[in-house]
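**Q** Line by line, the protein sequences are chains Y and D. My numbering runs 5 ahead of the 1-based position in the first sequence. My numbering runs 161 ahead of the 1-based position in the second sequence.
FYI, nobody ran anything at the bench for these hints, they're computed from the structure. Hints may be right or wrong, so weigh each one.
Stated by the list, open to error - In silico SDA-like pairs for lysine to any residue, Cα to Cα no more than 25 Å straight-line:
#1 Lys44(Y) / Ser276(D)
#2 Lys84(Y) / Pro151(Y)
#3 Lys84(Y) / Gly312(D)
For clarity, every value in this text was computed on a predicted model and none was experimentally measured.
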Amino acid sequence: MIKLISVAALIAAMAFPACAQVQVQVDDAWVRATVPQQKSTGAFMRLTAHGDARVVSISSPAAAVTEIHEMKMENDIMKMRAVQALDLPAGQAVELKPGGYHVMLINLKAQVKEGDMVPLTLVVEGKDGKRETLEVHATAKPLNQPQGQAMQHQQGHMPKH
Amino acid sequence: MSSVVRGVLAMVLIALLSACSPPEPPRFNSADMTGVEYGNGFRMLDGDGRERTLEEFQGKVVMMFFGFLQCPDVCPTALSRGVAVRELLGADADKLQMLFITVDPERDTPEALKSYVQRFDPSFIGLRDTVERTAEIAKSFNVFYAKVPTGDSYTMDHTATSFVFDPDGRLRLAVAHNLPPDLIAADVKTLLATTR
Ligand SMILES: [Cu+2]
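Use the sequences and the hints to build the structure in full.
**A** This is the structure we're talking about:
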C-alpha cells in the first residue's frame with residue numbers, strides 16, 4: 006500500500022514537474038453549511054508547508070469578504086479577530102479548526118448547502134517573498150458537524166511558479 | 162454531671178445532628194451556581210414570536226447558551242455538544258432542554274434562528290428579543306457581548322459559558338465552553354436524581 010502511494014507520488018511528481026516541490030499541502034478542507042439568511046460561515050483545513058511560508062490572503066467567490074480569523078477565549082469570552090497573515094512553519098501541520106483559526110466567509114452570496122464545493126484561493130508567500138496561489142475546494146459539511154473531518158484529502162497545486 | 166452521662170449526651174447529640182443534617186450536597190463537574198440569582202423572571206420570544214419562560218420547562222434540566230448565527234466556531238460547537246449530551250442521557254434525553262439565545266437580534270431573524278437551532282436537534286429552541294431586552298437579559302446573567310467591526314461587517318465577542326437550570330427552574334451550574342459532553346451528561350443526571 007505504502008509502495009503504491011509512493012509510486013503514485015512519483016508519477017504525480019513526474020506528471021507535474023512544477024509541483025515537484027509543492028510548497029503547501031492542503032488536507033481536509035471543509036466549510037460549515039448554513040441555513041437560509043445566514044450571512045457568514047467558517048472554513049477549516051490543515052496546511053503543511055514544506056518550507057517556511059505564510060498565508061497572506063484568502064478569497065472566495067462565495068463571499069463578499071474572506072478573512073483569516075483567530076478565535077480566542079479570554080475570561081470565558083469568545084473573541085475572534087482577523088489576522089493579517091497565517092504563519093506556516095516548515096514541515097509543521099497548521100490546523101484551521103474550531104477552537105483556533107478559521108477562514109471567515111462574510112456576506113455569503115448564497116446559502117451553503119451540504120455537499121457544496123466552495124472554492125477558496127489562498128495566496129502563500131515564501132521566505133523569499135515570492136507569492137503563489139493555491140486553489141482549494143472546501144466541501145460543505147452539515148451545520149452540526151462537531152469537529153468535522155472531511156473524508157477526502159487533496160493536494161494543493163501551485164499553478165504559477 | 163458524671164462523665165458517663167456526658168458521654169451519652171454527646172452521643173445522642175451526634176445522632177440527632179447526623180439525622181437532621183441534610184445529605185451531602187451533590188458534586189458537579191461544572192461550576193456550582195446554586196443560590197446565584199441570575200436571570201430572575203426570565204422571559205423571551207422564540208422563533209415563532211411566542212413568549213417562553215423557564216416555568217414551562219418544569220421537570221426538565223434547561224441548558225442555555227448565548228451566541229449568534231454568524232459564529233463559525235464556538236456556537237455550533239456548543240449546540241453540537243448539546244446533541245451529544247442528549248445522546249448520552251439515553252432514555253432521559255427529553256429531560257434536557259437546550260435554549261439558544263441570540264445576542265445578535267438585528268441579523269438573526271426569527272426564521273433563521275429557528276431553522277438554525279433545529280438543524281442540530283428538532284427540540285432545540287432559539288430565543289430572540291429586541292436589542293434592549295436582549296441587553297437586559299444578558300446583564301441578568303452577567304453575560305458579556307459586544308459588536309466588533311470586521312471587513313464591512315461585524316462579528317461579536319460573547320460569553321461562551323452555558324447556564325444550567327434544575328427541574329425546579331433554579332439556576333444550578335455554569336458550564337465552561339470546553340467541558341466535554343460526558344461530564345455535562347453526568348451533571349445533568351445528578352440534577353435529575355437530586356431534585357425532588
Ligand atoms: Cu470568525
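**Q** Now tell me, hint by hint, if it's right for this structure.
**A** Outcome of the hint check:
{"no.": "1", "hint": "Lys44(Y) / Ser276(D)", "result": "holds (14 Å)"}
{"no.": "2", "hint": "Lys84(Y) / Pro151(Y)", "result": "holds (19 Å)"}
{"no.": "3", "hint": "Lys84(Y) / Gly312(D)", "result": "holds (16 Å)"}
When held up to the earlier numbered hints, the structure conflicts with none and fits them all.
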